[in-house]
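Participant: Here's the letter readout for the chains.
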Amino acid sequence: MGKVIISGEGGQGVRVISHTMATLLANLGYEVSLLYDYDSAVRGAMSVAYLVFDREPIANPVIQEADILLKLSDKAEGLGAEKTVCQTGLCTDEEIPFGKLGIEKFGREIFGNMIALGRLMALVGVEVAEEELAKVLPLKYKEENLSAVHFGYHLKEEDLERGLKSRKRREFDFSSEQPGVADLESDSQS
Amino acid sequence: MKRLVQGNEAVFLGAIRAGADFFAGYPISPSSEILVLAAEQAAKDPGFRFIQSEDEISAANAIIGASLAGAKSFTATSGPGFTLMQEAIGYAHQVEVPAVFVNVQRVGPATGMPTMPAQQDVMQIKYGTSGDYYPLVFYPNSVEECYRYAITAFNAAEESLSPVILLSDAFVGHLNEVVDVDAIEVEAIPRGRPSLGTGKRFFTGLTHDEEGHPRTADAAVYREWLSRIRTQHEKVAVHYSDFEFKENPSSDTLLISFGIVSRVVAPLASQFALFRPIRIFPMLSHEIHECAQSYDKIVVIEANDGQYAWLVERELKRDIVHVPLLGGRINLDLVKNGLSEKLRREVV
Numbered sequence: 001m002g003k004v005i006i007s008g009e010g011g012q013g014v015r016v017i018s019h020t021m022a023t024l025l026a027n028l029g030y031e032v033s034l035l036y037d038y039d040s041a042v043r044g045a046m047s048v049a050y051l052v053f054d055r056e057p058i059a060n061p062v063i064q065e066a067d068i069l070l071k072l073s074d075k076a077e078g079l080g081a082e083k084t085v086c087q088t089g090l091c092t093d094e095e096i097p098f099g100k101l102g103i104e105k106f107g108r109e110i111f112g113n114m115i116a117l118g119r120l121m122a123l124v125g126v127e128v129a130e131e132e133l134a135k136v137l138p139l140k141y142k143e144e145n146l147s148a149v150h151f152g153y154h155l156k157e158e159d160l161e162r163g164l165k166s167r168k169r170r171e172f173d174f175s176s177e178q179p180g181v182a183d184l185e186s187d188s189q190s
Numbered sequence: 001m002k003r004l005v006q007g008n009e010a011v012f013l014g015a016i017r018a019g020a021d022f023f024a025g026y027p028i029s030p031s032s033e034i035l036v037l038a039a040e041q042a043a044k045d046p047g048f049r050f051i052q053s054e055d056e057i058s059a060a061n062a063i064i065g066a067s068l069a070g071a072k073s074f075t076a077t078s079g080p081g082f083t084l085m086q087e088a089i090g091y092a093h094q095v096e097v098p099a100v101f102v103n104v105q106r107v108g109p110a111t112g113m114p115t116m117p118a119q120q121d122v123m124q125i126k127y128g129t130s131g132d133y134y135p136l137v138f139y140p141n142s143v144e145e146c147y148r149y150a151i152t153a154f155n156a157a158e159e160s161l162s163p164v165i166l167l168s169d170a171f172v173g174h175l176n177e178v179v180d181v182d183a184i185e186v187e188a189i190p191r192g193r194p195s196l197g198t199g200k201r202f203f204t205g206l207t208h209d210e211e212g213h214p215r216t217a218d219a220a221v222y223r224e225w226l227s228r229i230r231t232q233h234e235k236v237a238v239h240y241s242d243f244e245f246k247e248n249p250s251s252d253t254l255l256i257s258f259g260i261v262s263r264v265v266a267p268l269a270s271q272f273a274l275f276r277p278i279r280i281f282p283m284l285s286h287e288i289h290e291c292a293q294s295y296d297k298i299v300v301i302e303a304n305d306g307q308y309a310w311l312v313e314r315e316l317k318r319d320i321v322h323v324p325l326l327g328g329r330i331n332l333d334l335v336k337n338g339l340s341e342k343l344r345r346e347v348v
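Going down the list, the sequences are from chains L and Z. Just so we're aligned: 169 in my numbering is position 169 of the first sequence, and the numbers increase by one with no gaps anywhere. Just so we're aligned: 288 in my numbering is position 288 of the second sequence, and the numbers increase by one with no gaps anywhere.
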């Protein structure tokens, strides 16, 4: 069984990330439960997605402790996980500046969501064929989204450590070996 | 084909499978997805009619009118909207109108906490409108059941010729699970009441005879009507005595819960016996008695301040412990803490 919690604010992409991941897992044959817990304010208020996947039917979809918590903001309280992946500055476990990476690598902050999705898929240990991924990604900017998921999926621990160090210098410097858009496009063509 | 389906979507798809062809409603969290899907259905299917009305009073009366005209009709709302629908629900009982009212519960009273789950409309459903009446009410706890019991609600409405309530809550309504709705087999019962036709007709919320003529001071007519309605509803309810019981011979305690709370409580099956009513009303009196008799303690866990617990206590005529989950927070830790406090032993 895998348990993932994604927390953020309304409008940050909690729904897009969680629903895309849940659909992907469902298409891969898993039993999946995805539950939204959110404040009624449309933007800026607490938004949490609880995602559970398993090969067996899921009894309780309301989880408090996850294997992985993806934290995009500090709005939600009382959520715990074995490993927390967060937007820079929100935790000390694994900080990734998703938005900044989205801009640097793919031209827009919003692609940070797909980088986060890629990182989550890698952390839960589920391999996904590009063909399967393409079926569930938002249609708009599909190529960029595919590349961003790919980028997030292949982030390496050493890159993250280097990134954490470089954050102290107010920048996040991934190695040039990390695939960028051009590399990914050439990958997909081959 | 198996796919990820949302609880509210499953309710809508179940309604369509049941043959629903009219929806009227006013958007309200956490039920609005049903209204949106109905609007989309009307845009692509000329046989399906949709009204976004000016308020819930209008929506409730519109589905009653549509039903009398021959449609299988339904609406979806939440606590505050359901309150506005009460007068129309009473009228539908009086006139014997089959229709389905979906109530996706949120924290109240009034506008309360619009997206937070609750189970605070239990009493409103049973006693919300005036007079004596015997509502049939179902409360699924999964996406698959949302689909199944949407069809069941329409079937029960046609059989009982009454407004049937399908209860849900913000968590069940917004829960996504993997379901193959096409593989779920529930037979849809056809219309139980002929449509209006074009001849002379008369409907009234007043006590009336079989032709619909008011008999406003005839106690015998009223008593006969109420007795017939009660018998009719009890007879139909027997077809839908749905519940889930997980006995536990090593425990002296039975936990009763329903809706999303029953999913949260499920991991405690190794420590307690579990009972989940799916048909909330009429109460599963016989079944609750049968399942409770082997247990010293009965605990009702619900997302309100003891509404169903009070009914169970009255039913079993013994002390009931109740664990309320309030303010939209429903999780296993709160359940364990509540049980530990009320049972005076640590529940882990």
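Since the hints were derived computationally from the structure, they do not count as laboratory data. Treat the hints with care, as some may be off.
Only part of the chain L face toward chain Z is listed, based on derived beta-carbon distances under 8 Å [stated by the list, open to error]:
id, residue
1, A22
2, T23
3, L28
4, V32
5, S33
6, L34
7, Y36
8, Y38
9, D39
10, S40
11, A59
12, P61
13, V62
14, T84
Here are the simulated lysine to aspartate or glutamate pairs, EDC-like style, with alpha carbons at most 20 Å apart [claimed, not checked]:
id, chain 1, residue 1, chain 2, residue 2
15, Z, K126, Z, D242
16, Z, K336, Z, D296
17, Z, K336, L, E56
18, Z, K246, Z, D296
19, L, K140, L, E109
20, Z, K2, L, E109
21, Z, K246, L, E56
22, Z, K44, Z, D55
23, Z, K2, L, E131
24, Z, K126, Z, D305
25, Z, K297, Z, E244
26, Z, K2, L, E56
27, Z, K2, Z, D182
28, L, K156, L, E95
29, Z, K2, L, D54
30, L, K135, Z, D180
31, Z, K2, L, E95
32, L, K142, L, E130
These figures come from a predicted structure and were not determined experimentally. Where is the CB? At the ideal position from N, CA and C, for every residue including glycine.
Participant: With reference to the structure, classify each hint as holding or not holding.
Facilitator: Quick rundown of the hints versus the structure:
At a threshold of 8 Å, the smallest CB-CB gap from A22(L) to chain Z is about 6 Å, leaving the interface hint in force. Residue-level restraint check for T23(L) holds (minimum Cβ-Cβ distance to chain Z is 5 Å; threshold 8 Å). Checking L28(L) against chain Z: minimum C-beta separation of about 11 Å lies over 8 Å; hint violated. The closest approach between the C-beta of V32(L) and any C-beta of chain Z is roughly 5 Å, which is under the 8 Å cut-off, so the hint is satisfied.
Because the smallest distance between the Cβ of S33(L) and any Cβ of chain Z comes to about 5 Å, under 8 Å, the interface hint for this residue holds. Taken as an interface hint, L34(L) checks out: its beta carbon lies about 4 Å from the nearest beta carbon of chain Z, inside 8 Å. Interface restraint check for Y36(L): the shortest CB-CB distance to chain Z comes to about 5 Å, inside 8 Å, so the restraint holds. Interface hint status for Y38(L): upheld, as the beta-carbon distance to the closest one in chain Z is roughly 6 Å, under 8 Å.
Among the interface hints, the one on D39(L) holds; its C-beta lies about 6 Å from the nearest C-beta in chain Z, closer than the 8 Å criterion. With a cut of 8 Å, the hint placing S40(L) at the interface with chain Z holds, because the nearest CB-to-CB distance is about 4 Å. Evaluation of the A59(L) hint against chain Z yields a held restraint, the C-beta minimum of about 4 Å falling below 8 Å. Evaluation of the P61(L) hint against chain Z yields a held restraint, the C-beta minimum of about 6 Å falling below 8 Å.
This hint holds: V62(L) has a C-beta 5 Å from the nearest C-beta of chain Z, less than the 8 Å allowed. Annotation: T84(L) was flagged as interfacial toward chain Z, and the flag is violated, the nearest CB pair being 19 Å apart, outside 8 Å. With a C-alpha separation of about 18 Å, the suggested pairing of K126(Z) with D242(Z) holds against the 20 Å cut-off. Note on K336(Z) and D296(Z): the hinted pairing holds, with a Cα-Cα distance of about 19 Å set against a maximum of 20 Å.
For a cut-off of 20 Å, the pair hint linking K336(Z) to E56(L) is broken: about 24 Å separates their Cα positions. Between the alpha carbons of K246(Z) and D296(Z) the distance comes to roughly 16 Å, so the proposed pair stays at or under 20 Å and holds. As the CA atoms of K140(L) and E109(L) are separated by approximately 15 Å, the hinted pair is consistent with the 20 Å bound. For the proposed pair K2(Z) and E109(L), the alpha carbon gap of about 34 Å is over 20 Å, so the pair is violated.
Using a Cα cut-off of 20 Å, the hinted pair K246(Z) and E56(L) holds, with the two alpha carbons roughly 19 Å apart. Annotation: proposed proximity of K44(Z) to D55(Z) is violated, straight-line Cα distance about 24 Å (limit 20 Å). For the suggested pair K2(Z) and E131(L), the alpha carbons sit about 18 Å apart, so the restraint of at most 20 Å is met. Taken as a hint, the K126(Z) and D305(Z) pair is honoured in the structure, with Cα atoms around 16 Å apart against an allowance of 20 Å.
At most 20 Å may separate the alpha-carbon atoms for a hinted pair to count; K297(Z) and E244(Z) meet this at roughly 18 Å. Only pairs whose Cα atoms come within 20 Å are accepted, and K2(Z) paired with E56(L) is accepted, the gap being roughly 15 Å. Taking the CA atoms of K2(Z) and D182(Z), the gap is near 9 Å; set against the 20 Å cutoff, the hint holds. For the given pair, K156(L) sits about 13 Å from E95(L) by alpha-carbon distance, which is consistent with the 20 Å threshold.
For the suggested pair K2(Z) and D54(L), the alpha carbons sit about 15 Å apart, so the restraint of at most 20 Å is met. This hinted pair checks out: K135(L) and D180(Z) have alpha carbons roughly 19 Å apart, not beyond 20 Å. For a cut-off of 20 Å, the pair hint linking K2(Z) to E95(L) is broken: about 36 Å separates their Cα positions. Between the alpha carbons of K142(L) and E130(L) the distance comes to roughly 12 Å, so the proposed pair stays at or under 20 Å and holds.
Hint violations for this structure: numbers 3, 14, 17, 20, 22, 31, all remaining hints satisfied.
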